[in-house]
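Undergrad: Please build the complete structure, drawing on both the sequences and the hints.
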Amino acid sequence: MAKLFERSKMPFWSLNINDTDLTSLLRNNVETMSVEYEINKIAKCEIAINSKSYIEDFFMEGSKIQVGMGFSPTTIIPMFKGSITATPAGQASDHISYTIIANNTIGSMGAKTQQRTFNSAIKSVIINTIIGENGYIPDVVISDSTPLPADQMPMQRNETDLEYLMNCAKRWGCVMWHTNSLADPDLITIHFHDADKAHAKGNLIKNINAYDLDLIYKLGYRSEINNIENIRWSFEKSQGTGNSVKGMDDDGADIQVPGDFKPTITDQEGIVYEPKQSYYDEIKKGNVDLAGKVAKMGISGSFNQGSFNAVKEYFVPVKKLERTNENKNPAYASHGIKLDIDLNVGDIYLRPPRQCSIISGVNNQRADTSKLPAFIRKNVLYNINKVKTTISSGKIHTSLGITL
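In the working numbering, the protein residues as written are 525 to 928.
None of these hints come from the bench; they were simulated from the model. Given the structure is predicted, the values throughout are model-derived calculations rather than measurements. Check before you lean on any hint, since a few could be wrong.
Only pairs whose alpha carbons sit at most 25 Å apart, straight line, appear in this in silico DSS-like list of lysine-lysine [stated by the list, open to error]: (1) K742 to K721; (2) K725 to K902; (3) K912 to K817; (4) K808 to K862; (5) K862 to K895; (6) K576 to K636; (7) K568 to K862; (8) K820 to K808; (9) K895 to K742; (10) K694 to K730; (11) K817 to K862; (12) K902 to K742; (13) K568 to K902; (14) K725 to K809.
TA: This is the structure we're talking about:
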């Protein structure tokens with residue numbers, strides 16, 4: 525169960541640049557400090573400083589930086605290790621303010637472009653080779669072990685190793701992320717997994733701590749679990765009608781389905797279907813029954829052959845792209861709904877990818893409670909793709925980017 529940190533605890537942080545501890549020197553000058561982790565991207569750190577004078581000696585491009593956060597001076601954990609990407613931008617009025625931006629250590633893989641071919645046509649062998657060459661521990665799980673066809677033979681064309689890895693992840697429907705050992709931040713593992721397995725793997729290798737004991741990260745809004753401060757939802761859109769109609773959820777409650785909503789359905793063989801134009805024509809006509817059936821399938825997160833047969837005439841398989849396992853619908857891609865959630869107390873241990881569940885409200889009619897819209901389902905697993913942790917205004921804040 526995801527518990528809350530004690531609200532009485534104040535945030536603490538540490539900052540080390542080029543092996544020099546600047547925590548005490550800058551304690552009164554750091555306005556905000558944030559660390560952002562997102563799948564298929566480099567972790568980033570931003571530090572906003574306000575001081576009477578610009579500190580010349582430390583914040584230079586290429587300087588090594590380490591950041592820690594915690595709820596007591598003795599429990600600060602490593603949050604980020606990397607290097608400053610550029611001379612800080614800023615301004616001067618009554619005081620001088622400037623922002624330091626840094627990329628994670630694995631950004632070093634983006635320092636030099638290469639042009640080369642690989643001896644193997646097996647995806648996992650290629651990825652293992654690149655990660656190993658850069659001195660990191662590879663954790664590669666790609667179920668497609670068939671050799672790439674001749675017209676798709678891998679070639680790194682004036683790309684950095686990092687760019688090539690990220691492009692491969694996108695092409696092959698995979699998720700790439702990295703983890704540091706809390707005990708040894710220099711021990712870095714780069715994970716490269718099929719998208720439909722990545723978030724479950726994240727559950728297994730999460731940071732061990734007393735505040736996140738369950739395999740699945742638990743989120744709740746005004747319920748028994750009450751760690752959501754703010755939740756925002758939006759829908760994936762395409763070239764659609766712009767109209768909206770009402771469908772019905774499992775409990776018979778109304779669901780407002782945006783006319784621009786582009787659902788996808790994945791069958792038991794992993795084939796992904798997308799709407800034909802006839803689907804949008806029916807939505808424009810106000811076909812409530814069709815909208816409700818499709819919304820129900822997309823939100824449930826499970827495949828039912830009977831339900832699919834009822835709407836199959838309005839769908840067509842997604843066209844194949846140049847990748848051998850393109851039929852895998854990326855787990856990190858939105859299946860119609862995107863959620864941005866702010867926790868009411870920051871979680872310094874949380875990293876993506878993870879799976880989570882969301883509940884809202886309680887059954888006690890006398891309780892001061894609220895329930896979220898029906899399309900934010902409580903019996904399905906969501907994917908945490910982005911985690912941003914920020915220290916500002918005397919508090920640690922954590923915000924999450926989540927898809928169904």
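Undergrad: Look at each hint and say if it fits the structure.
TA: Verification of the hints:
no.: 1; hint: K742 to K721; result: holds, 19 Å
no.: 2; hint: K725 to K902; result: holds, 22 Å
no.: 3; hint: K912 to K817; result: violated, 35 Å
no.: 4; hint: K808 to K862; result: holds, 23 Å
no.: 5; hint: K862 to K895; result: holds, 18 Å
no.: 6; hint: K576 to K636; result: violated, 38 Å
no.: 7; hint: K568 to K862; result: holds, 22 Å
no.: 8; hint: K820 to K808; result: holds, 18 Å
no.: 9; hint: K895 to K742; result: holds, 16 Å
no.: 10; hint: K694 to K730; result: holds, 24 Å
no.: 11; hint: K817 to K862; result: holds, 20 Å
no.: 12; hint: K902 to K742; result: holds, 11 Å
no.: 13; hint: K568 to K902; result: violated, 32 Å
no.: 14; hint: K725 to K809; result: violated, 43 Å
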